[in-house]
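Enquirer: These are the residues of each chain, in order.
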Amino acid sequence: MRLQSKLTLFSAASKITILLLLVLLLPPLIHKVALRNTDNRLKEKKDRVLQIIEEQGIEQFISEGDNGAYGSYNLLKEEFISIEEVNPGTAADTIENSLRKVENEVVEYRVLSLTFEMVGGETYLLEIGRSLATIREGGDTLQKYALYFLVAVVLLTVFIDLAFSKIILQPFTLIVKRLQRIGHPGTFKPQQLRTSTDDFIYLNNTINSMMGQIQHAFLKEKEFIGNVSHELLTPISILQTRLENLLSDPTMPEHLLEKLVDNQKTLHRLKSIIQALLLISRIENEQYLKNEPVNIKQLAEDVVEEIAERAEVRDISLEMDLKDTWVLKEANYSLLFTMLFNVVNNAIKYNRNQGKILVSGQQVKDTYELCITDTGVGIPEEQVPHIFSRFKRLHAPDGESHGLGLPIVQTVAQFHKLKLTVNSVLNQGTTFCFSFPKA
Amino acid sequence: MHVLIVEDEVSLANELVHFLSTEHYKCDWADTGRDASEKIAVNLYDFILLDLGLPDYNGLDLLAEAKKLEHDPGIIILTARGSLEDRIHGLGLGADDYLPKPFSLLELQARMQAVVRRKFKVKTSVIPFHNFELDTETRKVGHNGKEIALTKKEFDLLHYLVLHKNRILTRLQLTEHIWGNILEDDYDSNYIDVHIKNLRKKLSAFASTDWLETVRGVGYRLTI
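In the order they appear, the protein sequences are chains A and B.
Residue 1 is where the first sequence starts when you use this note's numbering, and the numbers rise one by one after that.
Residue 1 is where the second sequence starts when you use this note's numbering, and the numbers rise one by one after that.
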């Protein structure tokens with residue numbers, strides 16, 4: 001998952017959590033606040049009633065014949081005020097919820113109760129009430145608006161976060177994009193990054209400098225390969241031409257000719273080793289191009305045509321069973337040819353007389369499998385992991401092998417991103433399979 | 001045929017001069033680019049063998065100079081660097097062929113002859129030998145007009161032997177010519193013996209093949 005998506009998701013998740021928490025906590029909180037407000041209002045009213053009583057006397061509310069009680073409530077029974085005479089000695093100063101019956105209807109009120117004594121010695125109980133339904137109604141409305149507001153805030157901040165993180169992470173996205181474009185360190189070009197975020201500048205500079213070092217090493221290696229190539233191949237070249245001139249010298253005695261042929265073989269071996277090592281190094285140093293499409297079926301047919309006579313010599317049947325057409329778009333034909341030639345050549349070399357070789361190819365899901373199966377001596381199981389090691393000669397019946405054939409095969413396969421698998425049963429045969437990726 | 005050998009390695013130049021002289025080429029040798037540049041300006045060479053790695057000169061510049069010459073000599077590049085860019089550049093700049101070092105002198109001569117045929121428009125492509133004819137153009141071999149069916153490798157072998165007639169060719173030289181472009185694990189000279197055996201069998205159906213000699217322990221020779 002990309003960093004920006006992660007950040008946005010995290011920001012959204014944290015905000016939604018807070019929102020949920022608020023939604024859960026808000027009702028009791030609002031209820032409490034509403035209750036407290038009501039209590040304050042009840043107290044204010046109490047003070048005003050007491051003030052009126054003080055200024056105008058209790059008679060204003062209670063006169064003889066009223067049974068010593070006063071009561072008043074408004075039309076919708078939302079509020080009431082009552083004053084009644086109680087037994088002296090009764091004391092109350094509370095605010096609590098209680099059920100009251102008003103005109104045959106039971107309503108729950110928040111009620112402030114207070115006893116007070118007049119100068120005459122009578123004790124009165126003052127009760128001021130407000131219906132709880134009214135209080136809750138106010139709370140519900142508040143809660144609803146608070147919720148709308150919160151949802152709006154969350155949505156707004158999530159979008160702002162998204163946009164902001166996109167802007168902030170843009171240099172980072174750029175670095176990632178640049179890195180994705182690089183197929184090989186050789187193609188990397190150091191670029192500056194325009195951002196005010198120090199971390200990204202540090203990251204970009206580090207990548208630039210490390211890539212620079214890799215490129216430098218690659219160039220050094222290239223130079224080295226060039227030098228080795230020139231300095232070793234030149235003397236070999238001199239020796240080879242000198243031997244050839246000696247061989248064609250008519251005055252050369254016959255018994256010396258055979259010695260010269262031996263020298264020629266030894267020199268050829270030295271030349272082959274150097275050329276094989278140079279080939280591997282050059283491929284690894286990306287000095288070969290992959291600039292032509294290669295039809296795998298055609299390639300296999302070309303190799304088989306080139307090598308068929310060698311199989312005939314040993315009476316080995318070389319069969320082809322190539323089912324589907326497959327084209328590797330960016331490839332190097334001559335390298336692939338060398339790769340396949342070496343594998344089929346091994347299949348001939350390590351086969352028994354009258355043996356069989358099958359070159360088969362078919363599409364498997366979205367890859368193409370090219371397999372070379374022989375009926376040869378096979379490879380002991382414990383040796384299979386080592387067959388691609390350089391200079392590892394498993395069986396060299398003629399003693400001429402330099403042990404670099406399979407390393408070349410592996411290097412070319414890796415260069416083309418082919419998956420190479422080897423299955424072998426001792427004394428029964430070996431199968432090499434190349435899995436060609438989708439182009 | 002007048003050949004200029006541009007090569008800074010004295011020993012190699014000596015071997016080249018020796019070989020080409022016995023093949024009746026008239027050879028000049030330049031060991032520096034400057035020397036070569038002067039020589040090509042003065043003399044009309046039919047052929048220039050050019051080593052790209054010269055101490056004082058970019059070999060490709062020299063190639064460009066040679067390409068400007070009016071009489072259009074055949075040019076073969078010889079180089080030990082053998083990098084891909086060199087090859088592409090060299091052929092792109094108009095060299096007729098490219099031979100990476102180390103090369104066989106026989107291969108060089110074969111390439112030179114091919115260039116000469118192409119360049120100087122040799123009319124006939126048929127080489128006659130012992131009542132047989134070998135057509136390098138159509139790649140066919142016949143005996144008094146009757147065609148003999150040869151495989152590709154058999155034709156290549158016979159062609160090489162005819163080209164280097166009266167000379168011993170070792171099995172290794174023949175192998176390198178036939179399979180040389182492929183870098184393989186080892187070389188097996190037995191294949192050459194089998195090809196020669198088959199070749200003799202096919203040709204002797206028409207006439208004796210005594211002229212294709214086996215030189216014991218060394219190789220083969222086609223005498224004319």
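These are computed hints drawn from the structure, not numbers from a lab.
One should not assume that every hint holds.
What follows is a list of derived Cβ distance ranges for each label pair [claimed, not checked]: (1) A:329 - B:140: 31 to 41 Å; (2) A:321 - B:58: 49 to 59 Å; (3) B:135 - A:228: 35 to 45 Å.
With a Cα cut of at most 27 Å, we get these calculated DSSO-like pairs of lysine-lysine [to be verified]: (4) A:417 - A:222; (5) B:165 - A:356; (6) B:165 - A:259; (7) B:153 - A:297; (8) B:152 - A:259.
Computed footprint of chain B on chain A, listed as stretches where at least three residues anywhere in the stretch have a Cβ under 8 Å from a Cβ of chain B [as the list claims (entries may be wrong)]: (9) 221-234; (10) 240-252; (11) 262-268; (12) 273-286; (13) 309-319.
We put the beta carbon where it would ideally sit given N, CA and C, even for glycine.
Enquirer: Mind taking a look at whether chain B covers the region 240-252 of chain A? Criterion is 3 or more residues with CB to CB distance under 8 Å.
Expert: Satisfied; 7 residues make the cut.
Enquirer: Has the given pair, residue 153 (chain B) with residue 297 (chain A), been kept, meaning a C-alpha gap of at most 27 Å?
Expert: Judged against 27 Å, a Cα distance of about 22 Å means the pair holds.
Enquirer: Looking only at beta-carbon atoms, does the pair residue 321 (chain A), residue 58 (chain B) fall within the given range of 49 to 59 Å?
Expert: Holds, at about 52 Å.
Enquirer: For residue 152 (chain B) and residue 259 (chain A), compute the direct alpha-carbon distance and say whether it is at most 27 Å.
Expert: 31 Å, violated
Enquirer: Would you check the hint for residue 165 (chain B) and residue 356 (chain A), treating anything up to 27 Å between C-alpha atoms as holding?
Expert: 39 Å, violated
Enquirer: Under 8 Å between beta-carbons, do enough residues of the region 309-319 of chain A, three at least, approach chain B for the coverage claim to hold?
Expert: holds (count 3)
Enquirer: Does the region 273-286 of chain A contain three or more residues whose Cβ lies closer than 8 Å to a Cβ of chain B?
Expert: holds (count 5)
Enquirer: With the threshold set at 27 Å, check whether the alpha-carbon distance from residue 165 (chain B) to residue 259 (chain A) stays at or below it.
Expert: 23 Å, holds
Enquirer: Mind checking, does the region 221-234 of chain A have 3 or more residues with a CB under 8 Å from chain B?
Expert: Since 5 is at least three, the answer is holds.
Enquirer: Taking 8 Å as the C-beta cutoff, is the stated coverage of the region 262-268 of chain A by chain B satisfied by three or more residues?
Expert: holds (count 3)
Enquirer: Regarding residue 135 (chain B) and residue 228 (chain A), is the given constraint of 35 to 45 Å on their beta-carbon distance met?
Expert: Because 43 Å falls inside the window, the suggested range holds.
Enquirer: Take the C-beta atom of residue 329 (chain A) and the C-beta atom of residue 140 (chain B), compute their distance, and say whether it sits inside 31 to 41 Å.
Expert: Since residue 329 (chain A) and residue 140 (chain B) have Cβ atoms about 38 Å apart, the given range 31 to 41 Å holds.
Violated hints, in rising order: 5 and 8; the structure is consistent with all others.
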